[in-house]
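Q: Now that you have both chains on their own, put them together as the hints suggest.
Single-letter residue listing:
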Amino acid sequence: MSISAYLKQAGRVFGAAVLSAAALSAQAADPFKVGFVYVGPVGDHGWTYRHDLGRQAVQNEFGADVETTFVESVPEGADAERVVRKLASSGHDLIFTTSFGFMNPTLKVARDFPNVKFEHATGYKRADNVSTYGARFYEGRAVIGTMAGMMTKTNTVGYIGSFPIPEVVRGINAFTIAMRKVNPDAEVKVVWVNSWYDPGKEADAAKALIDQGADIITQHTDSPAPLQVAEERGVLGFGQASDMSAFAPAAQLTSIIDNWDQYYIDRTRAAMEGSWESTDTWGGIDTGMVSFPEYSADVPDDVKAAAEVVREGIIDGSFHPFQGPILNQAGEEILAEGEVYDDKTLLGMDFYVQGVQGELP
Amino acid sequence: MIALQRRADPSRLMGYLAPLLALGITLLAGLMLFAILGVPVGAAFYAFFIEPVSSLYGWAELGVKAAPLIIIAVALSIGFRAQVWNIGAEGQLILGGITGAAVALMFHQNDGWYVLPLMVLAGIAGGMAWAAIPALLKTRFNVNEILTSLMLTYVAVLLLSWLVSGPMRDPDGFNFPESRMFHDAALLPRILEGTRLHAGAMVAVGVVLAGWILLTRTLLGFALRVNGAAPRAGAHAGFSQPKLIWTALMIGGGCAGLAGLFEVAGPIGQLLPSISPGYGFTAIIVAFLGRLHPVGVLFAGLIMALSYLGGESAQITLSLPLAVTGVFQGMLLFFLLATDVLINYRVVFK
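Respectively, the protein sequence lines represent chains A and B.
Oh and the first sequence: position 15 is 15 in this note's numbering, straight run, nothing missing.
Oh and the second sequence: position 302 is 302 in this note's numbering, straight run, nothing missing.
Just chain B, same shape as in the assembly (with noise of 0.2 Å):
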């Protein structure tokens, strides 16, 4: 019989070095696949990794589509060194995309240049709001934030499309669910010309910055990471358990909210039934890939960002299913678990 045992010291080193190890075998794995598929080893390898970056235009869209899952992310990881378990991110990115698309219809004639700096704080505003209902359940009556933060996602998803199919819909669209298009004041300025890369994406930088300085350099970081790995030294620390659980809804919420605004106000440029792809739920993925650390994030939100991208060029080029991004994503995160098994563990034949 095979046993696992668990290492009494597991390695540190090992510990960081898992996400690159586990990056190179789905590598392997996907060349197999690939091999099995039929596919030329050597173009599918291309088409699916390097294509995508291949040129100016195709780093500016790893851009677009990272910066959502990087912001998020980061946010998330704080949260989850501090046991905070915010699985709702999604939700809390559809009210920063509804909040700060308020602010933008109710000033489309005004072209001043608070426009958009409103719709930020609105958008932030609006995440920490439907993350603050978690947060209070959990600190005033104990109810599991993993259970409530998901659960709003759908409500948000529903708020969403009864906006846009009326209060919020788009008065020249023809009855369509969708709001007007922004006007230019709403909209976030693009950083490279004959892209869609925005500012978004220089704010997800700033944000890998700021959570990194947060968890390395300030009490409240050292706070929220004991509470997280021994909640009763914290208390005895005298941290109080209720402010951090608040303190990493906010800086969830806030934070999903504003990547919700980047998306309306960035590439989508309008409001409509759908603003995410799922960014929410992909970046507890990108967090753990990460190891909920800032700078691992970063990595992380581009590596996956590059999946989806790849997948489609591999459909354009290559006729290859769409599937085959799940594939990848998925052996990703398989091989990244099993190798963390292997650290902590040891296998024993009994």
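The following block holds chain A by itself, in its conformation from the complex (with noise of 0.2 Å):
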């Protein structure tokens, strides 16, 4: 075959190829289309995962009727703009972005979009077409806070945080507050990895709170290497976002699970009937959007039983995880008996309480 010839059939190939990329999407246009960002890849069996899940359920509860479309590992920052933006111009009719970062960019977006729905987690700002939603996972906290008050033998519980935003301080209040209601003695180390998924830090930031003491770890971060380690090294730990203790068998006592689930069902069975309204949801326990796995069998029974007090008690109100009196880290008492936080200083908190050990960065 002749060079010329040879270039005019690969030119064919090509053609064809392209147009049956063309009539691929084209057929794919009927469909009612979600698309999803995501921070982190969706095998970070922790955060990413649980909203990969939560897109699967979409999938499976409308069949051919939904396709949805995702996009993994992206930064926060210039990239998150684009992306969202594409999902919106590539025929996306709601569209879930699933990371504070990417609040600004999906506002903007948004604006160039009226049509199109959008669906903010953990952010603040909301607009005509976009909703926010996010869950209570400081309930979750006061869960796993009680516990660790009562099996902790150093007093030292070590906490690995992701960034100092008020959502990760606020898990680190209750907690602590729930831990020395049951043990007024033990106290939380938090070490900062400025990651929400970097295993090779958080297994680091795991390393050095068990040398100093720690006998308990749990974390703000999303992969699993937190509780390898505490495994390796034999201490106990709590899950994040999902159950982990097919990585650390012996060290999960139980787990904070974030269920999207219906949510995400409802959401987008409101977007495709058009009854889709701008919202604020925060979940929590009541709703199943926090939820906790069965407690490992080493949990004893004492421990457990103490454990479901404080959830039920969230679930039928009769317990607060910020119900005064709640004390600064000076000693101070900074809300009085019997008075509870509302949701906005819930959703500003940038202190620590009294038994976080360090400065707030």
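No wet-lab data here; the hints were simulated from the structure.
Please read these numbers as outputs of a predicted model, since none were measured by experiment.
C-beta: ideal position from N, C-alpha, C; glycine also.
Some clues are possibly wrong.
Heads up, incomplete: computed chain A residues facing chain B, CB under 10 Å, no partners named [to be verified]: (1) F100; (2) V169; (3) M349.
A: So this is what it looks like as structure tokens:
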């Protein structure tokens, strides 16, 4: 074959490929398209993994009527806006952006696509076509804090934080308050890793905390690495965002599971039926957004019972994780007995309570 | 046994062709990869390389992504030619973003025309200041600049994270670690209506030209190249080694700082705990892919940017995993290094 004939044929093959790709996307224009933007990889076994299970729940619920798409490991920064815009301009009707750092990019794109519905997780800025949603994970922290207080022998619990934002600080405080209710001598040491997902740094933080005497490790980062370290070093810990017992069968006492499945199904249905409105959802244990797997077999019965009291108390309203008296790090009372913090204070929380060591960055 | 034997006279032509050759082999290997993954090869090729730039908006995004890579990589190439190994452009970029943003926040109630130029100057100065530390340590104490510049990157990351969760935090932002959004006078003008393409893209082209003129048409460029190729010859010719080290690091730091300022004043529009997805590091690959030549860097930057956009597009349209992007970039570098080896060495069977 001469070179020109070869090129011609290559051109034909390539042209056909382009055409078939175009045909493929034309065909797919029919179902209701739902897009997801993830900050981590779907295989993080934590935060992003749970969101992706939610996406799969939507896909299973609606079958061929819905087409879901996701983009993973999207950096929080200049790239996020392009990804969101790309989903919006490629025919997606509903888009979930599942990290705090996607807030401003989501709003910027939403302005240009008034007919597309957006849902931003953990943010506080809304618009006519932008809802926000999050879960009261601090309720789960109160449950595991109670368990930690009863089970620590060194009275030192290690806490691996991602970024010092209110969401994370709230978790640390809820954990500490519940822990000190059952064990006033216990203290929390915090290490910040400045990342949501960095197994290397998370593992190093866990090692450092264990070396400083922590015999229980808990975390607000997305990978199972800290629990794996806990497993190796023979200390205890709690899973984050999903059941991580497969990674640390002996170490994981229980886990706080994020459950977005129902929310994603409900919101997709509302958008398909035209009843979608911009809302702010903050679900807790009572709505199932925050849930727990079975306690590990190593959890003593009295600890299980105490944890259940807290869990059920949160559901029926008799227990609030932020109930006065609450003391600050200096030991001064910042919330009087009988009072509870309102959501506004919780959403902007920027202080540590008594029992947390170190200074808030 | 297989051994490598140095070629007496490596082909210059092949040296220039190597990146193209590597690109071609990468494409072929990529197509094979798609075929193995069971993805229709044509559709995958389309999603990866054509779809991202099938619209004006796509081209604009390519410019947004490539501009910081090109600005930094041109500057790094100049340094690398002089054997000054500035690996910390990422940190210098972050510092430029910080100092530029500081000016924007200081003037946040001021709509004067001078706000943006001041930010640009501050950004350049910030990047230079960060690069000055390795320069000082290298020229005064002969400390390896690879280590100092790299490690200062981590210092810069922590500095930024401290600033956005403290002094530079948005007072109305519920204590979330980010600055307030910049006002209009502190934002880069867009050069294409309806897209995010900002003035930084034009500056990137300017930097390519300036870099090319500097390297090929000026005494300083000659001095830098001589210093890189034969430091002792350079010394005999009267070129001051410390001065060249300072120059190379100041050019690298200044350009990286400028790129950082362009990110915060352009597509981001505020200061965040993370303002760069590793542009400073990727630019090192871009510099070598572009054969340390400003014009080569221009193309290498565009190709690297396209591989990012293509990765996103392939995820959206074909549900291909993100790892494919990394595999593509890795293959490109691998094949480039492999072709380089074969240009400089011949394979002998003993």
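Q: Decide, hint by hint, whether the structure agrees.
A: Verification of the supplied hints:
1. F100: Because about 7 Å separates F100 of chain A from the closest Cβ in chain B, which is inside the 10 Å limit, the hint holds.
2. V169: At about 8 Å, which falls below the 10 Å cut-off, the nearest Cβ of chain B leaves the hint on V169 of chain A intact, so it holds.
3. M349: Status holds, d = 7 Å.
Taken one by one, the earlier hints all hold for this structure without exception.
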